[in-house]
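Asker: The opening position of the sequence shown corresponds to residue 27 in our numbering, with each subsequent residue numbered one higher.
What the hints contain is simulated information worked out from the structure, not anything from laboratory work.
Any given hint might turn out to be false.
Unchecked claim - Distance windows between CB atoms, simulated:
1. GLN221 <-> ARG193: 19 to 25 Å
2. GLY51 <-> VAL185: 33 to 39 Å
3. LEU198 <-> PRO103: 39 to 45 Å
4. GLN70 <-> ASN174: 19 to 25 Å
5. ALA192 <-> HIS75: 25 to 31 Å
6. GLU159 <-> ALA192: 29 to 35 Å
7. HIS75 <-> ASP207: 27 to 33 Å
8. GLU159 <-> GLY195: 28 to 34 Å
Every residue, glycine too, gets a C-beta built ideally from N, C-alpha and C.
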Amino acid sequence: MDRSAPRARSRGETAGLKLVPALHGERRASVEAFIRRRFAERYQAKVRHFMPRLLGLESGDASLHGAVGYRSAGEFPLFLERYLDVPIEQAIGQRFDRPVARDEIVEVGNLAAAGVGTARRLIVALTDLLAAEGFRWVAFTGTATLLNSFLRLGLSPCVLGLADPARVGDELPDWGTYYDDGPQVMAGEILGGHQRLSKLGVYGHPDGLAWFDSMEACHVARH
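Starting from the given sequences, assemble the full structure and let the hints guide the process.
Answerer: Structure, rendered in C-alpha coordinates:
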(Lines of atoms letter the chains of each structure in order from A; the text may use other names.)
(Lines give C-alpha, C1' and ligand atoms only; values in the text may rest on other atoms or scores of the structure.)
Protein backbone atom coordinates (compact mmCIF):
# COMPACT_ATOMS: atom_id res chain seq x y z
CA MET A 27 0.00 0.00 0.00
CA ASP A 28 1.27 3.47 -0.91
CA ARG A 29 0.88 5.39 2.35
CA SER A 30 1.92 8.61 0.62
CA ALA A 31 -1.29 8.58 -1.43
CA PRO A 32 -4.07 10.87 -0.14
CA ARG A 33 -6.87 9.14 1.75
CA ALA A 34 -10.06 8.79 -0.26
CA ARG A 35 -12.64 11.34 0.81
CA SER A 36 -15.97 10.10 2.10
CA ARG A 37 -19.25 11.71 1.08
CA GLY A 38 -20.13 14.55 3.44
CA GLU A 39 -16.52 15.15 4.48
CA THR A 40 -14.58 18.41 4.13
CA ALA A 41 -11.54 20.01 5.73
CA GLY A 42 -10.94 17.09 8.07
CA LEU A 43 -14.52 17.28 9.34
CA LYS A 44 -17.24 14.82 8.49
CA LEU A 45 -20.99 14.57 8.89
CA VAL A 46 -21.97 11.79 11.26
CA PRO A 47 -25.57 10.55 11.57
CA ALA A 48 -27.17 11.19 14.95
CA LEU A 49 -30.36 9.20 14.69
CA HIS A 50 -30.78 8.02 18.28
CA GLY A 51 -29.13 7.45 21.64
CA GLU A 52 -26.34 9.51 23.15
CA ARG A 53 -25.12 10.88 19.84
CA ARG A 54 -28.51 12.35 18.96
CA ALA A 55 -28.89 13.74 22.49
CA SER A 56 -25.49 15.40 22.14
CA VAL A 57 -26.37 16.95 18.78
CA GLU A 58 -29.74 18.18 20.08
CA ALA A 59 -28.00 19.76 23.08
CA PHE A 60 -25.51 21.48 20.77
CA ILE A 61 -28.34 22.93 18.66
CA ARG A 62 -30.24 24.09 21.75
CA ARG A 63 -27.15 25.76 23.16
CA ARG A 64 -26.23 27.62 19.96
CA PHE A 65 -29.78 28.92 19.40
CA ALA A 66 -30.04 29.98 23.05
CA GLU A 67 -26.73 31.84 22.85
CA ARG A 68 -27.53 33.57 19.56
CA TYR A 69 -31.26 34.24 19.82
CA GLN A 70 -32.28 33.40 23.39
CA ALA A 71 -34.45 30.78 21.68
CA LYS A 72 -35.75 27.51 23.07
CA VAL A 73 -35.57 24.81 20.41
CA ARG A 74 -38.21 22.17 21.12
CA HIS A 75 -38.51 20.42 17.76
CA PHE A 76 -35.83 18.67 15.75
CA MET A 77 -35.60 17.30 12.25
CA PRO A 78 -36.14 13.53 11.94
CA ARG A 79 -32.61 13.16 10.54
CA LEU A 80 -29.86 14.93 12.45
CA LEU A 81 -26.16 15.09 11.59
CA GLY A 82 -23.19 16.24 13.61
CA LEU A 83 -20.13 17.82 11.99
CA GLU A 84 -17.27 16.13 13.82
CA SER A 85 -13.49 16.26 13.76
CA GLY A 86 -11.22 13.24 14.08
CA ASP A 87 -11.41 13.27 17.88
CA ALA A 88 -15.24 13.16 17.70
CA SER A 89 -15.61 16.73 19.00
CA LEU A 90 -18.72 18.47 17.67
CA HIS A 91 -18.26 21.61 15.56
CA GLY A 92 -21.67 21.92 13.95
CA ALA A 93 -25.03 20.27 13.50
CA VAL A 94 -27.86 20.23 10.99
CA GLY A 95 -31.05 18.34 10.30
CA TYR A 96 -33.11 17.52 7.24
CA ARG A 97 -36.31 15.85 6.10
CA SER A 98 -37.67 14.76 2.75
CA ALA A 99 -40.72 16.65 1.50
CA GLY A 100 -41.88 13.37 0.02
CA GLU A 101 -42.15 11.85 3.49
CA PHE A 102 -43.18 14.71 5.77
CA PRO A 103 -44.96 18.09 5.78
CA LEU A 104 -42.30 20.79 5.98
CA PHE A 105 -42.00 23.23 8.88
CA LEU A 106 -41.31 26.10 6.47
CA GLU A 107 -44.54 25.50 4.52
CA ARG A 108 -46.38 27.41 7.22
CA TYR A 109 -44.79 30.54 5.75
CA LEU A 110 -45.96 29.80 2.20
CA ASP A 111 -49.36 30.20 0.56
CA VAL A 112 -48.80 27.13 -1.63
CA PRO A 113 -47.03 23.77 -1.14
CA ILE A 114 -43.25 23.89 -1.41
CA GLU A 115 -43.15 22.15 -4.81
CA GLN A 116 -45.44 24.83 -6.25
CA ALA A 117 -43.44 27.65 -4.68
CA ILE A 118 -40.18 26.35 -6.13
CA GLY A 119 -41.79 25.55 -9.48
CA GLN A 120 -43.19 29.08 -9.77
CA ARG A 121 -39.88 30.66 -8.79
CA PHE A 122 -37.78 28.59 -11.20
CA ASP A 123 -40.47 28.31 -13.89
CA ARG A 124 -40.39 24.52 -14.20
CA PRO A 125 -42.30 21.53 -12.80
CA VAL A 126 -40.92 20.26 -9.50
CA ALA A 127 -41.73 16.92 -7.87
CA ARG A 128 -42.26 17.00 -4.13
CA ASP A 129 -40.09 13.95 -3.48
CA GLU A 130 -37.12 15.78 -5.06
CA ILE A 131 -37.17 18.38 -2.27
CA VAL A 132 -35.41 18.29 1.07
CA GLU A 133 -35.90 20.75 3.92
CA VAL A 134 -32.82 21.68 5.94
CA GLY A 135 -33.06 23.10 9.45
CA ASN A 136 -31.66 23.02 13.00
CA LEU A 137 -28.44 24.38 11.49
CA ALA A 138 -25.99 25.38 14.21
CA ALA A 139 -22.26 26.00 13.97
CA ALA A 140 -19.43 27.14 16.18
CA GLY A 141 -18.66 30.04 13.81
CA VAL A 142 -19.22 31.40 10.31
CA GLY A 143 -16.28 29.43 8.92
CA THR A 144 -17.70 26.23 10.34
CA ALA A 145 -21.13 27.12 8.92
CA ARG A 146 -19.59 27.23 5.45
CA ARG A 147 -17.92 23.86 6.01
CA LEU A 148 -21.28 22.50 7.12
CA ILE A 149 -22.93 23.78 3.92
CA VAL A 150 -20.18 22.22 1.80
CA ALA A 151 -20.42 18.82 3.48
CA LEU A 152 -24.22 18.77 3.52
CA THR A 153 -24.44 19.72 -0.17
CA ASP A 154 -22.21 16.75 -0.96
CA LEU A 155 -24.36 14.40 1.11
CA LEU A 156 -27.71 15.59 -0.26
CA ALA A 157 -26.43 15.33 -3.83
CA ALA A 158 -25.38 11.74 -3.11
CA GLU A 159 -28.85 10.96 -1.72
CA GLY A 160 -30.44 12.10 -4.97
CA PHE A 161 -32.30 15.20 -3.83
CA ARG A 162 -32.63 17.90 -6.47
CA TRP A 163 -33.89 20.87 -4.47
CA VAL A 164 -33.12 22.20 -1.01
CA ALA A 165 -35.40 24.54 0.92
CA PHE A 166 -34.66 26.25 4.21
CA THR A 167 -35.39 29.27 6.37
CA GLY A 168 -32.42 31.50 7.00
CA THR A 169 -31.27 34.91 8.16
CA ALA A 170 -28.96 37.30 6.32
CA THR A 171 -26.01 35.75 8.18
CA LEU A 172 -26.77 32.31 6.78
CA LEU A 173 -27.40 33.70 3.30
CA ASN A 174 -24.01 35.41 3.45
CA SER A 175 -22.39 32.04 4.16
CA PHE A 176 -23.88 30.72 0.93
CA LEU A 177 -22.80 33.79 -1.03
CA ARG A 178 -19.23 33.47 0.24
CA LEU A 179 -19.21 30.01 -1.30
CA GLY A 180 -20.46 31.32 -4.63
CA LEU A 181 -23.94 29.89 -4.06
CA SER A 182 -27.06 32.00 -4.63
CA PRO A 183 -30.25 30.52 -3.19
CA CYS A 184 -33.47 32.19 -4.32
CA VAL A 185 -35.89 33.80 -1.90
CA LEU A 186 -39.39 32.31 -1.89
CA GLY A 187 -40.82 34.67 0.70
CA LEU A 188 -40.61 36.15 4.18
CA ALA A 189 -40.72 33.88 7.20
CA ASP A 190 -43.58 35.78 8.83
CA PRO A 191 -43.55 35.33 12.63
CA ALA A 192 -47.33 35.80 12.65
CA ARG A 193 -47.59 32.33 11.11
CA VAL A 194 -45.73 30.63 13.93
CA GLY A 195 -48.63 30.81 16.36
CA ASP A 196 -48.25 29.92 20.02
CA GLU A 197 -44.63 28.84 19.52
CA LEU A 198 -43.45 32.39 18.76
CA PRO A 199 -42.14 33.17 22.30
CA ASP A 200 -39.84 30.15 22.07
CA TRP A 201 -37.97 31.75 19.17
CA GLY A 202 -36.53 34.62 21.20
CA THR A 203 -35.02 37.28 18.92
CA TYR A 204 -34.72 35.02 15.86
CA TYR A 205 -37.37 36.86 13.85
CA ASP A 206 -35.73 40.21 14.57
CA ASP A 207 -33.17 39.23 11.91
CA GLY A 208 -35.84 39.00 9.20
CA PRO A 209 -35.45 35.35 8.15
CA GLN A 210 -36.62 34.34 4.69
CA VAL A 211 -37.65 31.10 3.05
CA MET A 212 -35.06 30.16 0.42
CA ALA A 213 -34.49 27.40 -2.09
CA GLY A 214 -31.78 26.25 -4.46
CA GLU A 215 -30.91 23.51 -6.93
CA ILE A 216 -28.57 21.05 -5.25
CA LEU A 217 -26.79 19.69 -8.32
CA GLY A 218 -25.89 23.16 -9.58
CA GLY A 219 -24.54 24.10 -6.16
CA HIS A 220 -22.57 20.88 -5.90
CA GLN A 221 -21.03 21.44 -9.34
CA ARG A 222 -20.08 24.98 -8.35
CA LEU A 223 -18.35 23.78 -5.18
CA SER A 224 -16.62 20.99 -7.08
CA LYS A 225 -15.19 23.50 -9.56
CA LEU A 226 -13.80 25.47 -6.62
CA GLY A 227 -11.95 22.32 -5.55
CA VAL A 228 -13.44 21.99 -2.08
CA TYR A 229 -14.16 18.29 -2.48
CA GLY A 230 -11.17 16.89 -4.30
CA HIS A 231 -8.37 19.04 -2.86
CA PRO A 232 -6.27 17.18 -0.26
CA ASP A 233 -6.13 20.29 1.92
CA GLY A 234 -9.63 21.70 1.85
CA LEU A 235 -9.03 23.58 5.10
CA ALA A 236 -6.43 25.79 3.40
CA TRP A 237 -9.02 26.85 0.83
CA PHE A 238 -11.39 28.03 3.54
CA ASP A 239 -8.64 29.82 5.42
CA SER A 240 -7.46 31.64 2.30
CA MET A 241 -11.04 32.62 1.46
CA GLU A 242 -11.44 34.11 4.93
CA ALA A 243 -8.18 36.02 4.48
CA CYS A 244 -9.46 37.45 1.19
CA HIS A 245 -12.67 38.52 2.92
CA VAL A 246 -10.70 40.37 5.60
CA ALA A 247 -8.46 42.01 3.02
CA ARG A 248 -11.44 43.39 1.08
CA HIS A 249 -12.84 45.01 4.20
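Asker: Could you run down the list of hints and mark each one as holding or not?
Answerer: Evaluation of the provided hints:
no.: 1; hint: GLN221 <-> ARG193: 19 to 25 Å; in the structure: violated, 34 Å
no.: 2; hint: GLY51 <-> VAL185: 33 to 39 Å; in the structure: holds, 38 Å
no.: 3; hint: LEU198 <-> PRO103: 39 to 45 Å; in the structure: violated, 19 Å
no.: 4; hint: GLN70 <-> ASN174: 19 to 25 Å; in the structure: holds, 22 Å
no.: 5; hint: ALA192 <-> HIS75: 25 to 31 Å; in the structure: violated, 19 Å
no.: 6; hint: GLU159 <-> ALA192: 29 to 35 Å; in the structure: holds, 34 Å
no.: 7; hint: HIS75 <-> ASP207: 27 to 33 Å; in the structure: violated, 19 Å
no.: 8; hint: GLU159 <-> GLY195: 28 to 34 Å; in the structure: holds, 31 Å
Going down the numbered hints, you'll see the structure goes against 1, 3, 5, 7, while the others check out.
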